[in-house]
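Q: Each residue of the sequence shown is one higher than the one before, counting from 871 in our numbering.
Keep in mind the hints are simulated off the structure, nothing from the lab.
Careful, some of the hints might be misleading.
Unchecked claim - Here are the in silico distance ranges between beta carbons for each label pair: (1) D1056 to K1076: 39 to 45 Å; (2) N965 to E1198: 30 to 36 Å; (3) F1001 to N1091: 40 to 46 Å; (4) G1252 to T1053: 40 to 46 Å; (5) N1275 to R1231: 31 to 37 Å; (6) A1250 to I1105: 28 to 34 Å; (7) D1056 to D1277: 29 to 35 Å; (8) G900 to Q1031: 18 to 24 Å; (9) P909 to I1105: 56 to 62 Å.
Unchecked claim - Pairs of lysine to any residue residues, derived as SDA-like cross-links and limited to a Cα-Cα distance of at most 25 Å, are as follows: (10) K919 to Y898; (11) K1288 to F1271; (12) K1036 to R887.
The beta carbon of each residue, even a glycine, is placed where N, CA and C say it ideally should be.
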Amino acid sequence: MKKESDLMQKIVSFSKRRGFIFQSSEIYGGFGSCYDFGPLGVEMKNNIKREWWNEMVRSREDIFGLDSSILMSPKVWEASGHLTAGFADELVECNKCKKRFRKDLLEEDRCPECGGELSEPRKFNLMMKTFVGPVEEDASTTYLRAETCQGIYVNFKNVLQTMRAKLPFGIAQIGKAFRNEITPKDFIFRTREFEQMEMQWFCDSKDADKFFDYWLDQRLNWYYGLGISKKNLKIYEVPKGELAHYARKAVDILYNFPFGWKEVEGVHNRGDWDLSNHSKHSGEDLKYEGFYPYVIETSVGADRSLLAFIAEAYQEVEGGRGEKSVKEVETVLRMDKRLSPVKIAVLPLVKNKEDLVKKARQVFDLLKRDFNVQYDESGAIGRRYRRQDEIGTPFCITIDFDTLNDDTVTVRDRDTMKQERVAVDSLTKYINLI
């Protein structure tokens, strides 16, 4: 357990040091359980979202995109059950140190901080309340959405009609959600503000089991295709007695994080609960050809998946990977190039030769139209390679003195460290093919 804890501490430190993830409001002492994604973190997160969107929407004719509002009528949350005990955790308080914890996350019946006696559990609703209007006492109360799927359900009829959709079909969206977590923990794994990538698949009830298995398989293959090893993923079927109030079946996709096996995605059979409830509460007929469709949901945490991809890719290598002069430990992010925050680094061999720097800048300008490219001329070339290895850059392009004669450059592969001469005018095609 100590080794796993050390690895997580290294990932947290690395994430800040290299510009992936910062503590929110850090100059004011930080704001609990909220994080900012830095220059590299936002690029990587956008890449993850882009790959998910391409997989779930762009590559298909039967799934439509949506971007619903974070603020909705409070009646939505009444209909969904979020304002009842159905969306509440059991909270306990230590009678000694007064700290509060989620009961279901405690391994013992004593306070994990000081060993004190715990109070009787009481329900704690996770919805974050806010006010809409210029004066708080006169304003209407609403809530920051606790999940993105409700925006899909209330737009079911709109999408059905405008896109002339036929069952089965899906609606997908990516967006922020908010939960007033009692005990957020494990860096960006459990936070109060997070981003979801969700798809709701509407189908006939008789086909629900078939599509549940289909989408579970599709989602597992998405992780495998982006470099997550099969040994680090497993599925857990939630027992019937522990299912959410809306669920007929639920399977969690678990990733082997440094702090243990935890859920990164859920696949759920929600039955016709959502559409029938919204129809009943709103008075709007949300049936399809006389019946309420069943919903198969795939719900991914964008932040959690980013943490999983970093944990999977993070490696430490002694001695600079074959460079005898290097004694320190080198960090390498061996991630799929589609997720890498920087695709290419352009490096002039030395920075004090005007012709080399000028040519390197030309190559940089050529490539930045198609890729996220970083220019670096500071320090020895070996150290610059290692800086790029550390942030997962797949390709380093070195402009040397031969470049000035034959207009070719050296392309270095992050994983194999092999170097190949490539003509400048062929670089874009070469990078896209490998």
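Q: Are the hints correct? Go through all of them and say.
A: Each hint tested on the structure:
1. Here the CB-CB span from D1056 to K1076 is close to 40 Å, well matched to the stated 39 to 45 Å.
2. Checked against the hint of 30 to 36 Å, the pair N965 and E1198 fails, with Cβ atoms roughly 49 Å apart.
3. In this structure the supplied range 40 to 46 Å holds for F1001 paired with N1091, their Cβ-Cβ distance being about 44 Å.
4. Distance hint check for G1252 and T1053: the Cβ-Cβ separation is about 45 Å, which falls inside the suggested range of 40 to 46 Å.
5. Remark: the range hint 31 to 37 Å for N1275 to R1231 is contradicted by a beta-carbon distance near 18 Å.
6. Our hint of 28 to 34 Å for A1250 and I1105 is violated, since their Cβ atoms are close to 47 Å apart.
7. Roughly 50 Å separates the CB atoms of D1056 and D1277, a value that falls outside the hinted 29 to 35 Å.
8. Separation of G900 from Q1031 is about 47 Å and departs from the stated range, judged on CB atoms against 18 to 24 Å.
9. With their beta carbons about 35 Å apart, P909 and I1105 fall outside the hinted range of 56 to 62 Å.
10. The straight-line distance between the Cα atoms of K919 and Y898 is roughly 30 Å, outside the 25 Å bound, and the hint therefore fails.
11. A C-alpha spacing of about 19 Å is found between K1288 and F1271, which places the hinted pair at or below 25 Å, so the restraint holds.
12. This hinted pair does not check out: K1036 and R887 have alpha carbons roughly 49 Å apart, beyond 25 Å.
In the structure shown, a violation is registered for the earlier hints numbered 2, 5, 6, 7, 8, 9, 10, 12, in ascending order.
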